[in-house]
Amino acid sequence: MLLQFTEIGIHCPQADIYIDPWRPVDRALITHGHADHSRRGHKYYLCTEAAMPVIKYRLGQDINVETVKFGEVKTINGVKFSFHPAGHIIGSAQIRVEYKGEVWVASGDYKVAADGLTETFEPVKCHTFITESTFGLPIYKWKSQKDEFEEINNWWRTNQENGKTTVLTGYALGKAQRIIQNLDHSIGTVYTHGAVENVNEVIRNQGVDLKSTVRVTQDIPKENFKGNIVVATPSAIGSPWMKKFMPYSVGVASGWMSLRGARRRRAVDRGFVLSDHADWDELNTAVKATEAERVFVTHGYTNIFSQWLNEQGIESATVETQYEGELTEIGESTVKEEEEESS
Amino acid sequence: MKYFTELFTRLDQTTKTLVKVDALKEYFHKATDKDKLWTIALLSHRRPKRTINRNYIKKWAAEFSELPYWLFEESYHIAGDLAETIALILPSPESRTDNSLTYWIEYIQALGGLEENEKKAQLKSAWLSLDATERFVFNKLITGGFRMGVSQKLMVRALAKYTGIDESSLAHRLMGNWTPETTTFQDLILSEDANEDNSRPYPFYLAYALEDETESLGDTSLWFAERKWDGIRGQIIVREGELYVWSRGEELVTDKYPEYEVLKEKLPNGTVLDGEILPYKNGQPLPFNLLQTRIGRKNLTKGVLQKSPVIFKAYDVLEWQGEDIRQWPLEKRRTQLESLVGDVGDPVLHLSDLVIFNEWRQLAAERDRSREFFSEGIMLKRKDSTYKDGRKKGDWWKWKVDPLTIDAVMIYAMRGSGRRANLYTDYTFAVWDGEQLVPFTKAYSGLTDKEIGQVDRFVKKNTIDRFGPVRSVTPELVFEIAFEGINKSSRHKSGVALRFPRIKRWRHDKPKEEANTLEELHQLLEVYG
Ligand SMILES: [Zn+2]
Ligand SMILES: [Zn+2]
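Residue numbers (this note's numbering), protein chains in the order written: chain A, 1 to 343; chain B, 344 to 872.
Hint data in this document are derived by calculation from the structure and do not stem from the laboratory.
Be aware that a few hints might be false.
Across the chosen pairs, the derived CB separations fall in these ranges [said to hold, decoys possible]: (1) A:ASN310 / B:LYS785: 31 to 37 Å; (2) A:VAL214 / B:GLY507: 44 to 50 Å; (3) A:GLU293 / B:GLU794: 43 to 49 Å; (4) A:GLU293 / B:GLU409: 22 to 28 Å; (5) B:GLU794 / A:GLU151: 43 to 49 Å; (6) A:GLU151 / B:SER832: 49 to 55 Å; (7) B:GLN635 / A:GLU151: 55 to 61 Å; (8) A:GLU72 / B:THR817: 46 to 52 Å; (9) A:GLU223 / B:ASP509: 37 to 43 Å; (10) A:ASP281 / B:GLU554: 49 to 55 Å; (11) B:HIS835 / A:GLY41: 49 to 55 Å; (12) A:THR6 / B:TYR399: 55 to 61 Å.
Cross-link-like lysine-lysine pairs, in silico, DSSO-like; alpha carbons within 30 Å at most [to be verified]: (13) B:LYS373 / A:LYS164; (14) B:LYS359 / B:LYS401; (15) B:LYS467 / A:LYS146; (16) B:LYS607 / A:LYS141; (17) A:LYS226 / A:LYS164.
For glycine and all other residues, C-beta sits at the position ideal for the given N, C-alpha and C.
Please put together the full structure from these sequences, using the hints given.
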């Protein structure tokens with residue numbers, strides 16, 4: 001097979017490279033900068049130009065990294081590699097692999113709907129498609145981003161009327177910037193947790209026009225937060241860091257929040273359904289658009305989504321990987337997001 | 344159903360009592376009387392009857408969603424809640440209507456008389472005219488499992504704020520055998536004497552568990568002690584020549600206990616007794632689960648009545664000669680009760696005897712003997728206490744015997760439901776029988792959120808096999824399981840059934856080999872079964 005699933009990651013024997021490997025290798029092609037896809041210790045990294053700054057910020061400025069533009073072809077030992085927008089976070093890519101007319105696409109994490117910040121997902125035709133399945137169940141269907149943010153902005157307004165600070169949490173990389181970009185900034189000031197603001201700086205430096213935010217620091221008087229919003233990482237919930245925002249109302253933005261059980265399990269006031277992954281309909285649309293004959297299903301509801309595809313007449317199998325989906329946002333991850341330690 | 348759905352959402356989004364009471368009060372202001380009454384009914388365990396079989400609901404939901412049935416089932420297992428799964432899985436509504444809560448409940452009740460295909464069409468048109476949250480509420484109504492995170496007590500508090508009527512009067516008015524079809528908001532809630540109902544019980548006075556030392560209760564001479572009997576708390580009412588039996592769930596259960604029929608003649612009119620409905624034979628209480636099998640029966644056959652006959656263990660008298668005597672001190676009520684039980688002189692009515700003690704340590708010794716008496720522990724009541732309503736601290740305490748425990752190995756795990764849908768929270772435990780692990784009980788609760796997270800990760804990483812929603816896992820983790828009682832059971836492989844099993848703690852210190860054995864479990868059965 002052109003790509004093989006090994007203990008280390010997705011391997012291309014012909015080019016001797018790995019895609020998003022979870023153990024150190026000589027040459028790694030990286031779909032995006034999240035901790036479960038982009039790990040330390042590889043001797044060489046290849047990613048998109050837009051993904052590079054964050055990867056360097058997180059893994060160290062001294063890593064050996066080469067970049068490509070979206071769509072640009074890089075040939076390694078006769079195998080043609082190109083990166084195409086995955087719509088997951090800024091710079092995130094699906095990796096297209098072509099050798100002697102056979103085409104595979106490893107999609108990493110993706111979402112189909114546009115979010116106003118990330119390069120929009122681009123369907124890529126292939127013979128074999130490797131898809132995630134984080135939300136591969138028909139109970140997961142996202143509302144439009146517009147409707148969801150209307151709810152978030154209304155919640156913020158109500159909290160403001162009640163003299164409270166609003167605290168909304170999401171991944172420092174990706175979710176947080178999407179939130180910042182889509183909030184109604186006419187309501188008040190958008191403050192950020194240090195871990196979020198660090199990523200913001202990296203992203204602004206690469207030329208992205210991210211709306212303005214203020215980093216939460218020791219010397220800001222407590223009263224300033226009142227009525228405003230703080231965008232924080234999930235680890236902030238329940239930590240002493242939250243004290244200065246009292247009284248506050250706290251929310252989580254995650255795809256998991258579409259289940260009442262998950263909303264209630266987290267000790268938060270509100271759960272908003274906002275995911276950087278594809279929902280059920282998007283997964284199906286994406287698979288169809290590739291026109292793939294064969295689909296490998298990774299992280300998520302792998303068995304279920306794979307069986308469903310088989311019944312739809314698309315040959316499918318599951319693959320064990322160490323990728324994780326949105327687990328940090330509900331406190332379930334086993335991979336520690338690096339930036340959370342640095343805050 | 345807009346206001347009701349809004350109420351549901353607000354209640355769901357908070358854990359704060361004050362916010363809940365406010366949301367209810369606001370709802371009472373906005374809703375019509377008829378909707379208010381239905382809401383009160385739903386929040387006081389008076390749900391409308393189910394009119395559609397659950398399996399049809401599932402089948403049709405899958406069909407309308409154009410999904411294979413197995414995929415629907417999987418989604419349901421993962422979401423853990425049928426009403427929610429259906430609400431999420433169906434396509435978006437075609438058109439929106441805004442009908443009242445009462446409209447929808449009547450709609451659901453009307454389904455009862457319909458043919459299968461008519462039911463199906465009605466269900467479809469309802470589903471396709473409600474948005475996801477309304478659908479969820481509607482589904483909760485058709486599947487019958489409505490829990491809104493509001494106790495009856497909290498609802499009464501909000502109702503008191505809304506009406507200006509005091510809480511205990513309202514609690515009294517809400518008791519009895521009413522449904523929204525047989526009364527009105529005006530008659531039930533707002534009218535003082537209208538619909539006077541002879542069957543009405545008094546709210547039960549419930550005790551808190553004693554956590555401090557008994558010494559903190561002061562002088563022993565201020566207290567009565569009784570055994571805590573392990574049956575169903577109940578009230579027997581005789582008024583105007585009729586007998587009514589109520590259980591603590593505020594259910595009228597007269598028909599379930601024909602044994603008490605004789606008391607209709609023997610107790611004077613205007614008498615209300617508080618006591619325990621206790622399975623009892625040959626001078627001994629029987630295991631509680633015998634009573635449970637009896638409750639589950641529709642028809643009480645001779646065999647059932649012979650196998651698990653009941654007596655009434657009287658604790659207290661609340662009404663005497665038609666007068667509410669709950670304000671009398673307990674000592675005076677007790678004297679009245681003793682003479683009353685003596686006068687009745689029927690083997691079905693027992694007095695709950697006092698446990699005599701002078702010093703607290705004597706009572707502690709009596710408590711240790713609880714299992715000999717088939718009782719759960721000791722009840723402590725101040726001699727000068729009035730009979731209060733609901734759970735109140737100070738005058739009455741229950742002092743339960745320590746639970747039995749056993750160390751067991753976790754072998755299966757299942758996802759939780761509702762708020763724990765993403766986590767493996769329900770476990771099956773086993774003990775050793777030679778080289779083999781024999782499952783003997785399920786247990787949950789008792790672990791912290793952090794521990795649940797750890798166990799969940801263990802389960803995900805150590806799965807041996809999957810059977811639907813159940814995973815078998817590498818036997819490795821040992822837990823101490825606490826339980827209140829143990830009985831013989833032919834339905835279980837292990838031969839035993841536990842009463843109230845729960846996880847007491849995670850035995851990080853014990854390797855799996857040191858868990859208890861089936862033999863040890865059977866020894867407990869010998870002693871306590
Ligand atoms: Zn990702
Ligand atoms: Zn991922």
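These are the hints, each one checked on the structure:
1. A:ASN310 / B:LYS785: 31 to 37 Å: holds, 34 Å
2. A:VAL214 / B:GLY507: 44 to 50 Å: holds, 48 Å
3. A:GLU293 / B:GLU794: 43 to 49 Å: holds, 46 Å
4. A:GLU293 / B:GLU409: 22 to 28 Å: holds, 24 Å
5. B:GLU794 / A:GLU151: 43 to 49 Å: violated, 34 Å
6. A:GLU151 / B:SER832: 49 to 55 Å: holds, 50 Å
7. B:GLN635 / A:GLU151: 55 to 61 Å: violated, 45 Å
8. A:GLU72 / B:THR817: 46 to 52 Å: Holds, at about 47 Å.
9. A:GLU223 / B:ASP509: 37 to 43 Å: holds, 42 Å
10. A:ASP281 / B:GLU554: 49 to 55 Å: holds, 53 Å
11. B:HIS835 / A:GLY41: 49 to 55 Å: Since the Cβ atoms of B:HIS835 and A:GLY41 sit about 52 Å apart, the hinted range of 49 to 55 Å holds.
12. A:THR6 / B:TYR399: 55 to 61 Å: Roughly 48 Å apart at Cβ, these two residues miss the hinted range, so it is violated.
13. B:LYS373 / A:LYS164: Given that 30 Å is the threshold and the Cα spacing comes to 26 Å, the pair holds.
14. B:LYS359 / B:LYS401: violated, 34 Å
15. B:LYS467 / A:LYS146: holds, 29 Å
16. B:LYS607 / A:LYS141: Roughly 60 Å separates the two Cα atoms, so the pair is violated.
17. A:LYS226 / A:LYS164: holds, 6 Å
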